[in-house]
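Line order of the protein sequences matches chains A and B. Numbering that gives the first Met the number 0 puts the first residue of the first sequence at 0, with every later residue one more than the last. Numbering that gives the first Met the number 0 puts the first residue of the second sequence at 0, with every later residue one more than the last.
Be a bit skeptical, because a hint or two may be false.
What the hints assert, rightly or not - Covered stretches of chain B, as calculated for chain A (at least 3 residues, CB under 8 Å):
(1) 337-348
(2) 357-365
(3) 382-394
In short, the hints are calculated from the structure, not lab data. As the structure is a computational prediction, the values presented were derived from the model and not from experiment. Ideal Cβ positions, reconstructed from N, Cα and C, are used throughout, including at glycine.
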Amino acid sequence: MSLDTTETKVAPKRGMSILFSLTLLGLLLFLWLLLAFSTNSFWTPNNISNLLRQGAMTAILAVGQTFVIITAGIDLSVGAVVGFASVILAWLLAAGVPLWIAMGITLLVGVAIGMFHAFGIVRMGLPPFIITLATLTSLRGIGLLITNGSTISISNDAFTNFARADFLGVPSLFWMVIVVAIPAYVFLHLSRWGRYLFAVGSNREAARLSGVNVNRTIYLAYILSSTCAAFVGILLASRIGIGNATQAEGWELQAIASSVIGGTSLFGAVGSVQGPLLGAFILATINNGANLLNVNSFWQRIITGALIILIVYFDQLRRRGSR
Amino acid sequence: MTGLHDLSHRHDDTPELLETDRIPPGTPILELVGLQKKYGAVEALKPATITFLAGEIHAIVGENGAGKSTLIKLLTGVIPRTSGEIRWCGKPVPLADPNEAIQRGINAVHQEVVLCPHLSVAANMFLGDEMSSGGLMRKGAMTTAAQNVLDDLGFNLPAGETLANLTIGQQQLVATARAAMRGIRFLIFDEPTAYLTRQESAQLFRLIRRLQSEGVTIVYISHRMEEVFELADRVSVLRDGTHVGTRLIGETNDAELISLMINRTIEQIYHKEKLPIGATILETKNLSGPGFNDVSITVRAGEIVGLYGLIGAGRSEFALGLYGRHPCTGGEVYWDGNKVTINSERKAMDLGIALAPESRRDQGLCLNLPIGLNINLPVFKRLSRGLTISRKLETTNADKQINDLKIKTPTRAVLASAMSGGNQQKIVIGKWLSHGARLFIFDEPTVGVDVGTKAEIYRLFAELLKQGAGIILISSYLPEVYELADRLHVFRQGRLVASHDYRAASHEDVLTEAIGV
Chain A
0 MSLDTTETKV
10 APKRGMSILF
20 SLTLLGLLLF
30 LWLLLAFSTN
40 SFWTPNNISN
50 LLRQGAMTAI
60 LAVGQTFVII
70 TAGIDLSVGA
80 VVGFASVILA
90 WLLAAGVPLW
100 IAMGITLLVG
110 VAIGMFHAFG
120 IVRMGLPPFI
130 ITLATLTSLR
140 GIGLLITNGS
150 TISISNDAFT
160 NFARADFLGV
170 PSLFWMVIVV
180 AIPAYVFLHL
190 SRWGRYLFAV
200 GSNREAARLS
210 GVNVNRTIYL
220 AYILSSTCAA
230 FVGILLASRI
240 GIGNATQAEG
250 WELQAIASSV
260 IGGTSLFGAV
270 GSVQGPLLGA
280 FILATINNGA
290 NLLNVNSFWQ
300 RIITGALIIL
310 IVYFDQLRRR
320 GSR
Chain B
0 MTGLHDLSHR
10 HDDTPELLET
20 DRIPPGTPIL
30 ELVGLQKKYG
40 AVEALKPATI
50 TFLAGEIHAI
60 VGENGAGKST
70 LIKLLTGVIP
80 RTSGEIRWCG
90 KPVPLADPNE
100 AIQRGINAVH
110 QEVVLCPHLS
120 VAANMFLGDE
130 MSSGGLMRKG
140 AMTTAAQNVL
150 DDLGFNLPAG
160 ETLANLTIGQ
170 QQLVATARAA
180 MRGIRFLIFD
190 EPTAYLTRQE
200 SAQLFRLIRR
210 LQSEGVTIVY
220 ISHRMEEVFE
230 LADRVSVLRD
240 GTHVGTRLIG
250 ETNDAELISL
260 MINRTIEQIY
270 HKEKLPIGAT
280 ILETKNLSGP
290 GFNDVSITVR
300 AGEIVGLYGL
310 IGAGRSEFAL
320 GLYGRHPCTG
330 GEVYWDGNKV
340 TINSERKAMD
350 LGIALAPESR
360 RDQGLCLNLP
370 IGLNINLPVF
380 KRLSRGLTIS
390 RKLETTNADK
400 QINDLKIKTP
410 TRAVLASAMS
420 GGNQQKIVIG
430 KWLSHGARLF
440 IFDEPTVGVD
450 VGTKAEIYRL
460 FAELLKQGAG
470 IILISSYLPE
480 VYELADRLHV
490 FRQGRLVASH
500 DYRAASHEDV
510 LTEAIGV
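Given only the sequences and the hints, what does the whole structure look like? Please build it.
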């Protein structure tokens with residue numbers, strides 16, 4: 000195995016990944032400046048809170064998704080889990096279950112869905128793509144069965160006001176991003192379980208022979224992803240005041256796109272917490288800006304696609320250049 | 000017997016230069032004059048002047064990082080040279096891209112098989128060069144033609160089989176056959192026997208000699224001295240990017256080549272100290288599991304127990320079974336005299352067993368992660384304070400192993416994939432040194448590792464033994480286990496067939512037992 004030692008590949012060190020994050024942050028600020036100067040309505044408190052609310056839910060999904068992608072997996076079900084969780088919560092509330100208990104049960108349903116994914120992957124040997132694709136369609140089906148194809152409205156005002164509320168002038172939904180992101184950062188970058196996610200994504204067998212409990216690590220990743228999704232389901236229910244199984248259609252793709260824009264590698268073992276957060280808000284800004292500029296919503300989709308290609312391409316160039 | 004070149008269906012469209020440039024054997028076919036390659040400021044190959052004669056087998060030896068890979072890449076047009084001249088048949092040539100090299104008849108068989116595992120053997124042999132009529136592939140004709148080539152070469156391989164179903168060794172032979180049928184005049188082998196069994200190696204050697212008799216010039220790169228002496232007519236030595244000399248094989252010996260390569264004598268490589276042997280650490284009684292049967296061995300503190308056998312004899316399976324990777328189906332394991340059940344890797348590690356597995360790439364390392372993370376992987380629990388990892392403990396531990404083992408890297412943040420084979424092996428070892436263990440299992444620790452690093456690894460064994468550890472050394476390279484093991488067990492077909500004390504049996508006896516004739 001006489002690999003050439005002369006082309007030394009240095010890992011995206013902390014400095015390097017900070018640089019990448021700063022580039023993304025720069026892009027985000029550039030977009031904001033651009034929109035602030037080209038429209039009258041962008042830089043208004045109303046629109047900024049709206050933007051933060053729009054981005055918040057994708058951001059939380061993207062963080063959960065990133066854990067899974069780092070293990071070289073994928074979770075296609077998160078959008079369906081969001082819709083499903085909103086149904087479960089509305090259903091429980093309609094049945095008279097107290098709010099806090101209903102939210103706790105909804106989060107546990109998220110945990111259970113994640114466990115089922117990991118069970119399919121670890122015990123049944125199914126590819127992550129397949130098992131999460133299967134739950135993507137079945138969860139929507141179960142949700143529709145529960146609601147009989149309609150929606151369940153939520154009458155708890157304290158709950159539905161939450162999503163519209165501000166705290167210290169910042170939308171409460173954005174605070175939820177911080178509530179998720181800080182523990183997520185500690186988990187992924189500072190704890191040993193985070194290192195195990197990277198190791199499993201890089202080489203499962205080597206991780207196993209080094210004493211890493213690979214199965215447990217995979218369970219952990221999928222549980223975190225589904226639980227984040229169930230949490231977003233609660234937030235969505237609060238925002239729209241109903242439980243509806245068909246909500247959050249396509250959000251899984253938004254989450255994956257945010258993660259990838261944020262520098263996560265779909266081959267596993269590369270990723271961060273701050274990257275997907277920035278990615279999610281960049282996507283939200285593009286959508287928001289396109290609306291304000293009266294750009295046809297069909298164009299928004301095209302622009303998003305082009306942006307994914309561009310950013311990931313530049314990231315590839317950067318990685319190649321840093322060798 | 001038909002010549003290999005006649006088997007090539009591309010014979011008609013091979014470039015004219017092949018015909019016009021016929022030159023008599025023994026005269027220079029390829030000359031390197033002051034050939035140099037720089038990567039930035041690093042001089043990977045210092046100006047080298049080497050002449051290859053038509054129809055010779057020219058061995059190139061050197062440690063990892065000595066410049067062998069760079070030389071191959073220059074000769075096959077994969078990378079451009081920085082300065083110097085390459086003369087082909089007496090005329091300077093650009094040799095600037097791989098296609099030019101192939102057109103001139105220069106081809107290389109790489110150590111790692113670079114073929115498509117899902118395609119058939121025949122499809123791989125004809126890949127990029129398919130026989131077709133009217134735009135449709137002539138699959139049957141290709142399979143027949145490929146089978147003829149394989150039979151003619153004496154490789155007992157089915158052309159219709161899917162490549163992935165063959166062993167790595169057999170795949171290597173397919174790669175060789177592929178190169179051999181392409182109208183070659185100059186063929187480079189890069190460590191071709193690293194994954195081959197003895198029989199496969201013998202087949203390969205027959206093929207090499209046959210190509211030579213048909214006028215093909217062979218460049219043979221290997222770490223194994225006995226192969227160089229068996230095959231080569233001349234040998235060139237590289238050290239640290241410098242061409243330090245070329246010798247006729249009859250006018251040199253092991254000792255001289257090794258001293259040219261590393262400035263060290265052969266006795267200093269197999270560094271064996273007489274150490275006192277202590278209490279029994281591990282004993283297996285009639286242990287059975289997937290791939291091994293009824294194995295009883297004892298490992299005591301301060302001793303090396305060697306497991307020798309052919310590839311697939313069940314030694315690695317035994318090691319993995321002992322380490323809890325695969326469940327054992329029968330027999331007992333005693334640790335310090337107490338009966339234990341090892342049903343997971345974690346359990347083995349907690350007892351004090353460490354395993355440096357057979358394949359660095361597949362089992363040993365997370366290649367696209369930093370060296371530091373790889374070294375710390377088994378011990379993150381110890382490096383954590385509360386919920387988080389202590390950055391200080393993490394860096395000190397990684398840096399300590401990097402310094403102690405002399406891993407050649409600027410920082411611990413370099414990816415493991417950027418390291419040479421020898422340095423990668425050191426990372427695997429460092430991982431287990433930082434974990435600390437009382438029984439170390441080293442499975443083929445020196446495959447693809449140069450002589451200098453080998454000597455370092457053997458010296459490390461002695462260090463571990465002095466600290467009271469026991470070692471199980473698994474190797475397919477007989478001199479290594481023979482010279483180092485205090486007790487040598489021979490495996491054949493999953494069973495332990497013979498055991499000897501240090502140097503109690505001859506090489507021939509051990510070999511016979513392993514092959515089972």
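Checked hints:
1. Coverage of the region 337-348 of chain B by chain A holds in this model, with 3 residues showing a Cβ closer than 8 Å to a Cβ of that chain against a need of three.
2. Look at the region 357-365 of chain B against chain A: 7 of its residues bring a Cβ nearer than 8 Å to a Cβ of that chain, three or more, so the hint holds.
3. A stretch counts as covered by a chain when three or more of its residues have a beta carbon under 8 Å from one of that chain; for the region 382-394 of chain B and chain A the count is 5, and the coverage holds.
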